[in-house]
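From first to last, the protein sequence lines stand for chains A and B. Our numbering applies: residue 4 is where the first sequence begins, and numbers increase by one. Our numbering applies: residue 4 is where the second sequence begins, and numbers increase by one.
Among the clues, some could well be false.
The list makes no distinction among identical chains, and a pair is therefore deemed to hold if it is satisfied within one copy or across any two copies.
What the hints assert, rightly or not - Derived lysine-lysine pairs resembling DSS-like cross-links, with alpha carbons at most 27 Å apart: (1) K261 x K25; (2) K239 x K205; (3) K261 x K239; (4) K70 x K25; (5) K77 x K333; (6) K239 x K333.
If you are wondering where the hints come from, they were derived from the structure by calculation, not from laboratory data.
There are 2 protein chains.
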Amino acid sequence: MSEIRLNVVTREWVIIATERAKRPTDFRNNKEKNHLPRYLVTCPFCPGNERRTPSERFRLPDGENWKIRVVANKFPALSPEVPKTRHEDSGLARVVSGTGIHEVIIETPLHNLTTGLLDAPQLEDLLRIYRARFIEAHRDIRIEHAIIFKNHGEGAGTSLEHSHSQLIATPIVPVQFRDRVEAALHYFDDTGECVICAVSRKDREDGTRIILDTEHFVTLIPYAALSPFHTWLFPKRHSASFASISEEETKDLAIHLKTILSKFHYGLDDPDYNYVIKSSRPQDEGNEYCHWYITIIPRLTMAAGFELGSGMFINSSLPEKNAEFLRSVKVE
Amino acid sequence: MSEIRLNVVTREWVIIATERAKRPTDFRNNKEKNHLPRYLVTCPFCPGNERRTPSERFRLPDGENWKIRVVANKFPALSPEVPKTRHEDSGLARVVSGTGIHEVIIETPLHNLTTGLLDAPQLEDLLRIYRARFIEAHRDIRIEHAIIFKNHGEGAGTSLEHSHSQLIATPIVPVQFRDRVEAALHYFDDTGECVICAVSRKDREDGTRIILDTEHFVTLIPYAALSPFHTWLFPKRHSASFASISEEETKDLAIHLKTILSKFHYGLDDPDYNYVIKSSRPQDEGNEYCHWYITIIPRLTMAAGFELGSGMFINSSLPEKNAEFLRSVKVE
Chain A
4 MSEIRLNVVT
14 REWVIIATER
24 AKRPTDFRNN
34 KEKNHLPRYL
44 VTCPFCPGNE
54 RRTPSERFRL
64 PDGENWKIRV
74 VANKFPALSP
84 EVPKTRHEDS
94 GLARVVSGTG
104 IHEVIIETPL
114 HNLTTGLLDA
124 PQLEDLLRIY
134 RARFIEAHRD
144 IRIEHAIIFK
154 NHGEGAGTSL
164 EHSHSQLIAT
174 PIVPVQFRDR
184 VEAALHYFDD
194 TGECVICAVS
204 RKDREDGTRI
214 ILDTEHFVTL
224 IPYAALSPFH
234 TWLFPKRHSA
244 SFASISEEET
254 KDLAIHLKTI
264 LSKFHYGLDD
274 PDYNYVIKSS
284 RPQDEGNEYC
294 HWYITIIPRL
304 TMAAGFELGS
314 GMFINSSLPE
324 KNAEFLRSVK
334 VE
Chain B
4 MSEIRLNVVT
14 REWVIIATER
24 AKRPTDFRNN
34 KEKNHLPRYL
44 VTCPFCPGNE
54 RRTPSERFRL
64 PDGENWKIRV
74 VANKFPALSP
84 EVPKTRHEDS
94 GLARVVSGTG
104 IHEVIIETPL
114 HNLTTGLLDA
124 PQLEDLLRIY
134 RARFIEAHRD
144 IRIEHAIIFK
154 NHGEGAGTSL
164 EHSHSQLIAT
174 PIVPVQFRDR
184 VEAALHYFDD
194 TGECVICAVS
204 RKDREDGTRI
214 ILDTEHFVTL
224 IPYAALSPFH
234 TWLFPKRHSA
244 SFASISEEET
254 KDLAIHLKTI
264 LSKFHYGLDD
274 PDYNYVIKSS
284 RPQDEGNEYC
294 HWYITIIPRL
304 TMAAGFELGS
314 GMFINSSLPE
324 KNAEFLRSVK
334 VE
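With the hints as extra help, turn the sequences into a complete structure.
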């Protein structure tokens, strides 16, 4: 018997379709193993090919070489050189200029590594650079919102296999963000508590959907996971903005990110996935009802007409079973 | 230079990324032609295999045979046999039972046809059956919302190649629908006009994004199309519910649906696509600010981390150029 669960953070209804429920191991990715070389002469992100990327915006040096590089996207969706303008025609055709920032963060010099397989110090450095670029993006007062995200694998929308993340900063606030802030505000006014603080507390009490629980973070599968193995990483300390993460929290977050991505890698056979840092601006860090977090979406199923047409989701797996499975996956 | 357009109906911001803009013909689907047989002995939807589908709910007869069949989905996401219940645990875990309807509409006895290639009388019959099933679904007072949709091709989420559509009726109202109704209400209160009536009128005056304009319907590419060749079919007469479509309008809609799907088939080489009928309940037909319509989404690009994480879209094509291209595509 199916049930329909409400995701209180995203306000999306999810049909947990137990009639067609699959076992966690049914989602293993049986794709051909692609053994990548450590270095590829044709890859624009490999060392030695630095001239093939547009202007370098940051470099974490490693002697003569580098550990992490941040470069402008070669085909930017938005650009800081475009003056910010806004036009409106009778409320029906609103248009804002393509002012913004679109950066690529090359996570490692090695062509054959991926985020979950980076060693802990490298992953901490990556998170520190995410934070620095996020703060830097918001120094431009034309920027209203920024997201840091990763597309891993072709099924997650990437065309380059060398491990990288992206930052896109926009001159407008996405409606999805506005809607979730509004929902969080109503929850706060009703209960006096931030909805993510409440979900995190309640899920830790319950325990069935928890994957990892440490001093500063909790990794869990949402009660109304939108798709199989959809995962959230919540900071325990309430803060609206990723910009506020401390050095100690950064180290703990690196452990969580490495753990969950390694569990996907070994337990589900390297599935394609996206992750996104969902955060308010640094200026809004003190907001009481917004709470930054990371969402990870393995691309194991496909949105079809029903999902596109209703904004509801059908999840053919049980969040509790998937969390149990992930807890059992051994990582190195 | 990119620009960011607001879709006033969906309230989604779309980056029209002209820096990476592609020509309409770049989206041609170069997949291997799959020449299907007229009949496939292993297909559960082919004539002769009727026992392989669950309970038949409707049949349009053709002498001893049938033209169109409606059957229960073999792996239903929702079922009318489940009693409707609702539980809530401190506002954080809301759950509704999987009460609902999940039907499959087999559009033709022929295995090698697809919706856009059906002849006009068959397509009219299909639309009449859509309407009848939509009205029938809402006779169950536990049903709050119903959508009729089609997944064409593997990239659009279908696993069965024999042409079929689906109806899913849910015991709750999707939040996406609520949000759009609210936006339409605000537009109506601000201007005294239904937002879709206004968009339709303005786009017909402008002309650049129109594909087909007849007595009762207009087919167009939205100003802020979410993805390449995203298309809307608007009825000209204001009505909130598809249930209100007249016999004359049905015939006109069949022409529009056949035209646009044939243009996709011949002009873009049979791309995968989803279409969805977005409609209020029959009971809400008289609503002044909601307006039913059909949306078609060819699956030519993929949502990646940015789209999932922000609810914004990047469209690497120009709506005006794509409309011009579709107008030029000759269909038989």
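Going through the hints against the structure:
Taking CA atoms no more than 27 Å apart as the test, K261 paired with K25 passes inside one copy only; the shortest distance there is 26 Å, against 37 Å between copies. Within a single copy, K239 and K205 get their C-alpha atoms as close as 12 Å, which meets the 27 Å cut-off; across copies the closest is 50 Å, which misses it. Taking identical chains as interchangeable, the C-alpha atoms of K261 and K239 lie at most 27 Å apart only when both belong to the same chain, with a minimum of 18 Å there against 54 Å between chains. Taking the closest pair of Cα atoms, K70 and K25 never come within 27 Å of each other, the shortest separation being 41 Å inside a single copy and 35 Å across copies.
When the C-alpha separation of K77 and K333 is checked against a cutoff of 27 Å, the pair qualifies neither within a copy, at 39 Å, nor between copies, at 37 Å. In this assembly of identical chains, K239 and K333 lie within 27 Å of each other by CA distance solely inside one copy; the values are 25 Å within and 60 Å between copies.
Hint compliance for this structure: hints 4, 5 are not met, and every other hint is.
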